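If you read the protein sequences in the order shown, they are chains H and B. Just so you know, the first sequence maps onto residues 24 to 266 in our numbering. Just so you know, the second sequence maps onto residues 24 to 266 in our numbering.
Keep in mind that the hints were calculated from the coordinates and are not lab data. This structure is a prediction, so every number in the text was calculated from the model and none was measured.
Remember, identical chains collapse to one label, so a pair may be satisfied in a single copy or spanning two.
In silico DMTMM-like links for lysine to aspartate or glutamate, alpha-carbon gap of 25 angstroms or less:
hint : residue 1 : residue 2
1    : Lys-162   : Asp-116
2    : Lys-162   : Asp-251
3    : Lys-57    : Asp-80
4    : Lys-110   : Glu-222
5    : Lys-162   : Asp-138
6    : Lys-57    : Asp-34
7    : Lys-110   : Asp-138
8    : Lys-162   : Glu-222
9    : Lys-110   : Asp-251
10   : Lys-162   : Glu-97
11   : Lys-162   : Glu-151
12   : Lys-113   : Glu-222
Protein chains: 2
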Amino acid sequence: MVPRLYVPSLDPLGRNFSLPEDEAGHLRRVLRVKSGANVRVFDGLGREFEARVTAVDRAGIVVELGEPVVSAPEWSVRVTLAQAVLKGDKIDDVIRDAVMMGVACVQPMLTARTDVPEAAFLRGRRVERWQRIAVSSAKQCGRAVVPPVLPPCPLAACLGAGRVGHTLILVEPAAAPRGKLSWPPADAPEAATLLVGPEGGWTEEEVAASIEAGCLPVSLGPRTLRADAAAIVALSVLQYLWR
Amino acid sequence: MVPRLYVPSLDPLGRNFSLPEDEAGHLRRVLRVKSGANVRVFDGLGREFEARVTAVDRAGIVVELGEPVVSAPEWSVRVTLAQAVLKGDKIDDVIRDAVMMGVACVQPMLTARTDVPEAAFLRGRRVERWQRIAVSSAKQCGRAVVPPVLPPCPLAACLGAGRVGHTLILVEPAAAPRGKLSWPPADAPEAATLLVGPEGGWTEEEVAASIEAGCLPVSLGPRTLRADAAAIVALSVLQYLWR
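Only chain H is shown next, with the shape it has when bound in the complex (with noise of 0.2 angstroms):
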């Protein structure tokens, strides 16, 4: 496996150039790659590169950049996962998965019921360790885009992304009793946010909200899923429906 390296800053039109910091000390101290060794570069926002190492030593590691590679592709809709945070790190987790999954935006959400006070938030530079996750599951992956993880909002926030070809979809376990089990068509729309729940739920006044939003509540069937597992099932189906 060639190593794949995230160059924010990566100008194309460039042809030898330092890498970072963080990948110029993963690649010597854990890879101990060598001058003349091939990796990958990409910027995050989809180019991707072959480079060959050209200078290793303490001031950093220099590339020189070849031919163009085609990435991973794209899904062709714009996918949001809305999460609600979890315990613990629990949506570090989900977020890896998302970025595997393909989606093009992770949206962290603070619900009735999530159970994790604000301070926490700025306390722990959480979104600067989100990202980081993102970015690491691109490499693993193979996308060259490294979708954003965007600070924590309400769910209402998230409810007011609905417009036209945007489709809107709330995972509810309590959707199947109530005769709701219907998934969204398998035309598929420009853009959707996929809106999962805490670890106690959605409160009443939330489901009704979302519906009243324009939200297609679908089940993910029968049996009892973990929170942070509720995520990677649900886009699984919508990749499926929308392969």
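Once you've looked at the hints, dock chain B against the given chain H.
Just chain B now, with coordinates in the frame of chain H:
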């Protein structure tokens, strides 16, 4: 949430009985349950009952059986997940997820590129641990059935399972480039086996032998999925198709 207890020796005609030691210990030490508390007991084969704690002492916990309970319904298709053993403990989460997704059986597999020495299974009592993971996942997701987790077997043994009414599906990342991005038809079979490979994928010989044995190769999309995520993604699609 009423605690759900796994009592494989459950006699539905009995009235009062002592809980197994591990369940009694957990109830007493972790949940600090007292006499009079309501619990549920299930036998792992699909039967579940309300029950009430009638005695708590050092000798154990006695419960009195109540009315039968309707558990989370079982999938109408008997799906076996045949998952190649993964590095480290990564198959643990796959087993947990597969039980939550409703499989009837988990068959760990040894394949050409399985990177785990067979001795590791004997040393670590892995199969017992896997079975405990299945119990714990069944408790969490609401199933009264605990799917068996079998001792590892070679790929060839799983292919032999093919027979009338039994669909064999091979998760093969390379299936899409070869133009085989097909999923089984929505008419649910009686039974199916889903085969998922190890980190290094299948060898060409394994793919050929599987197709020869009647496997339908399916791709999970253009991005590289983590080896421990492939099963839940494929099971999500199958659950949607055969709901």
